[in-house]
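A.B. asks: Chain residues, written in single-letter form:
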Amino acid sequence: EADIYQTPRYLVIGTGKKITLECSQTMGHDKMYWYQQDPGMELHLIHYSYGVNSTEKGDLSSESTVSRIRTEHFPLTLESARPSHTSQYLCASTPRTGSPLHFGNGTRLTVT
Amino acid sequence: AQSVTQPDIHITVSEGASLELRCNYSYGATPYLFWYVQSPGQGLQLLLKYFSGDTLVQGIKGFEAEFKRSQSSFNLRKPSVHWSDAAEYFCAVDRADKLIFGTGTRLQVFP
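Those protein sequence lines, which keep their order, are chains A and B.
Count the first sequence with this note's numbering and you get residues 1 to 112, in order.
Count the second sequence with this note's numbering and you get residues 1001 to 1111, in order.
If you are wondering where the hints come from, they were derived from the structure by calculation, not from laboratory data.
Predicted, not measured: the structure shown is a model, and the values here were computed from it.
You may find that some hints are simply not true.
[Unchecked claim] Keeping only pairs whose Cα atoms sit at most 30 Å apart, straight-line, the calculated DSSO-like set for lysine-lysine is:
no.: 1; chain 1: B; residue 1: Lys1061; chain 2: A; residue 2: Lys57
no.: 2; chain 1: B; residue 1: Lys1098; chain 2: B; residue 2: Lys1061
no.: 3; chain 1: A; residue 1: Lys18; chain 2: B; residue 2: Lys1098
no.: 4; chain 1: B; residue 1: Lys1098; chain 2: B; residue 2: Lys1049
no.: 5; chain 1: A; residue 1: Lys57; chain 2: A; residue 2: Lys18
no.: 6; chain 1: B; residue 1: Lys1049; chain 2: A; residue 2: Lys31
no.: 7; chain 1: B; residue 1: Lys1061; chain 2: A; residue 2: Lys17
no.: 8; chain 1: B; residue 1: Lys1068; chain 2: B; residue 2: Lys1049
no.: 9; chain 1: B; residue 1: Lys1049; chain 2: A; residue 2: Lys57
[Said to hold, decoys possible] Covered stretches of chain A (chain B as the covering partner; in silico rule of three or more C-beta atoms under 8 Å from a C-beta of chain B):
no.: 10; segment: 13 to 26
no.: 11; segment: 95 to 108
By construction, the Cβ of each residue, glycine as well, lies at the ideal position given by its N, Cα and C atoms.
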């Protein structure tokens, strides 16, 4: 069941544009995450949040930024897109430590 | 550093054959371990999880996994593979509130 929503599903954009990838969940989860998935499948944590006004950078350095003004919303922004940002971005949430993550269907971003 | 290793990048099996996907982890304490499956163009779906207790855990779609502390392994198994099982499979460990994934194994199923 799709309790976590990502938009858009696909985005093709030119270099230098500012973009925001949306992620919303209806489950009231405090913990939310952004993963970047390479074409070869590997997932890397780029941002996470433990609640409103809490954001942290993940293990993989990213030029993107995130915000968490509301519990249900965790958008990711790229101020100036570059071809190196071409990837799939997956959003996830969980209610507590050790509980499985719920994933959205992802946004596949292509920067030309 | 805590990590997860999936040594098989790509596995091909015939429909009806048994399957075992390998996962090894590096973690100091008893970890929370997970297996996820990803179909093309989709997010990840949880197959099963291990927290504690019985080392053989059952999941959805007929999958099971066995936690072996002595081998630091959490291998995924299925006795008879169906064509619809073709997908990418990810092993993951919970490290301080963050899920760390292995590099994934792509499963191909031949009729």
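A.B. asks: Decide, hint by hint, whether the structure agrees.
C.D. replies: Do the hints match the structure? See the list:
1. Using a Cα cut-off of 30 Å, the hinted pair Lys1061/B and Lys57/A is violated, with the two alpha carbons roughly 35 Å apart.
2. Using a Cα cut-off of 30 Å, the hinted pair Lys1098/B and Lys1061/B holds, with the two alpha carbons roughly 26 Å apart.
3. For the suggested pair Lys18/A and Lys1098/B, the alpha carbons sit about 28 Å apart, so the restraint of at most 30 Å is met.
4. With a C-alpha separation of about 15 Å, the suggested pairing of Lys1098/B with Lys1049/B holds against the 30 Å cut-off.
5. Of the supplied pair hints, the one linking Lys57/A and Lys18/A holds, its CA atoms being roughly 20 Å apart against a limit of 30 Å.
6. For the given pair, Lys1049/B sits about 18 Å from Lys31/A by alpha-carbon distance, which is consistent with the 30 Å threshold.
7. Under the criterion of a C-alpha separation no larger than 30 Å, the hint pairing Lys1061/B with Lys17/A is inconsistent with the structure, at around 42 Å.
8. Of the pairs offered as hints, the one joining Lys1068/B and Lys1049/B holds, with about 14 Å between alpha carbons and a cut-off of 30 Å not exceeded.
9. Taken as a hint, the Lys1049/B and Lys57/A pair is honoured in the structure, with Cα atoms around 26 Å apart against an allowance of 30 Å.
10. Chain B is given as covering the segment 13 to 26 of chain A, and this is violated because 0 residues of the stretch bring a CB closer than 8 Å to a CB of that chain, at least three being needed.
11. Check result for the segment 95 to 108 of chain A against chain B: holds, 9 residues qualifying (beta carbon to beta carbon below 8 Å, three or more required).
Consistency with the previously given hints fails for numbers 1, 7, 10, ordered from lowest to highest.
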